[in-house]
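Asks: One-letter residues, chain by chain:
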Amino acid sequence: MTLMNNERELTEQDRQLLGKLEQILSDDSGEQREVDSLYGFCAHMASVVPQAQHSFRQQLENRLIVALQQGKSPKKQSLYRFVRDSFMPQYSWKRLRWALTVCMVLMILFGITVAIPQTRNVLAAWLGFSFDQQVKLQPLVVEALEHDWQSPLAQAGDKSLNVYSVEFPKDRWLLIEEAGFLTPEPGSVVVLPNGSYFPVPAYLPSGYQWQDITTMQGNLLGRGFPSLARQSWAGGGPPMPSYDLNVNYLIGGDSTNKPVILAEFELSSQQELVFQIFHADETRFGLVIQPPEAKSPTGFVFLIGSGDLSQTTVNMSAAWQYRGMWNDRGEWVMDRGWSNLVWEQGGRIYHLTGQDLSYAELISIAASISLQEVK
Amino acid sequence: MPGDSGLATSYMNNEQEKALITRAHEDPEAFKHLYNHYFPRLYAYVSYRVGRVEDTEDLVSETFLKAVEGIKSFRWQHENSFAAWLFRIARNSISNFYRQTERWQTVPLDELPDLQAHSLLPSDLILQKEKFERLRQLINTLTPRQQEIITLRFFGGLRNQEIAEILGIDERTVSAHLCRGLETAHQRYINDFVAAERE
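Chains as they are written, first to last, in my numbering: chain P, 1 to 375; chain H, 1 to 199.
The shape of chain P in the complex, shown without the other chains:
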């Protein structure tokens, strides 16, 4: 029997204690009991209850009511303005016709954009990322996958490149249960080692929990010899331009270790490099950074197979969804239940991926990231 099972084991004595607790916690008599017994100790603990000063309680109530009323009034005003501006008799028809025309033009443009794959990618690139659909993952990453990330990339030749990678443990649930780690709270904001904020999505499907955050930061060149940087290796070649990159991975899952992973990518400024993002072999995530080929896009490029890339929305903004991930041989697999969602929010690019999660669930998770915190 595993440790986790032992921790969940309830004895007859436990059941009696739980039943007695109900009774103790319902008893408001303040009766003193002997603390020598476990029940007496519980009753003693339940009787030592802090209470607020009346003045604080009253002041907070007043403050909350004011906050509630302030939160209400701007919406009333804007509704009033909308009604006044839209339906005043002397302007109504002209304004309405103008608004309808603008809406129709926007819808047509949006429709064209969504319908044509090339323009879809143009829209994504405008938002700071694009997709590169390939049949097979590039050889240098496949080699790294085959050699468990340890191999120097000898065949990279004179091509400049840096590679970052992380691999998550597969049996995370047991690790966390055994160690009793604190885990990222849904809806909280985590302050990362570099002082930046990471907003943890408030929503998770039932049975899931956020488990850990891993960060990859930096400019490899700024740390000296590139291959010394943690979780990365250098591909050699001539020196590359300097870059400043932050990548954070929020890892979650359920008790069967089905993962859900939110990756956040941020560049501090526009840099003339390609940051190719990949997800392989279930728990391996990484980036290949290199100068662009002639006429190829710069910025974040998601390396995906020839799949069902389609457009959707997150928080009313454009987002892209597709199914699949790379296996350890660099082939795109779509039969393992991986769904992906990519979008831009507050100047950062997000990639949310999960196994056996629907697009609707991914979108719900994405929509629960606080927009305010991202800024």
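None of these hints come from the bench; they were simulated from the model.
Built from N, CA and C at the ideal position, the CB exists for glycine as well.
You can trust all of the hints, since none of them are fake.
Which residues of chain P face chain H? A few of them, derived with a C-beta cut under 10 Å, are:
| hint | residue |
| --- | --- |
| 1 | H44 |
| 2 | S47 |
| 3 | V48 |
| 4 | L60 |
| 5 | L68 |
| 6 | S188 |
| 7 | V191 |
Once you have looked at the hints, place chain H on chain P.
Replies: Relative to the frame of chain P, chain H by itself:
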């Protein structure tokens, strides 16, 4: 009835609570009812987690202000989902608080909150504060998960099912942690305080 735990909360059934939540963002009176219902439990829970009255007041205020901001988008899902939501906000605020301050501190008696007491004698009030700090110290010796579960159960007045929802674990695990935590705390209480007093 769950949630009483020696805490002066007003009675409210599910339908009443649901109706109040629906109206709360536009009806201050509805919000006041919810506030008065949950305030004592939330205050007691936060007090046990942070100790100092000043920090408790800050965190309780922050929790309710966030609740005001979010109540319009809150969706009733089942019995006690509002309690779970509110205490989750409080727990997040406490986690953020501890990221910025020392993990745990002993708090001088004059900086501790007042305790519900059946006697108004000053000596009894001091005694109560000492008991509170002693229990707080005791709870702090438990594992983080046991600390969370015991304070949510005893002072937040939440059922095991609601605690499971907040912590993202199953109810059985909550029950097991609760029993183990109480047994450990009791044993330590006997060893550290009762035996010492008898000597």
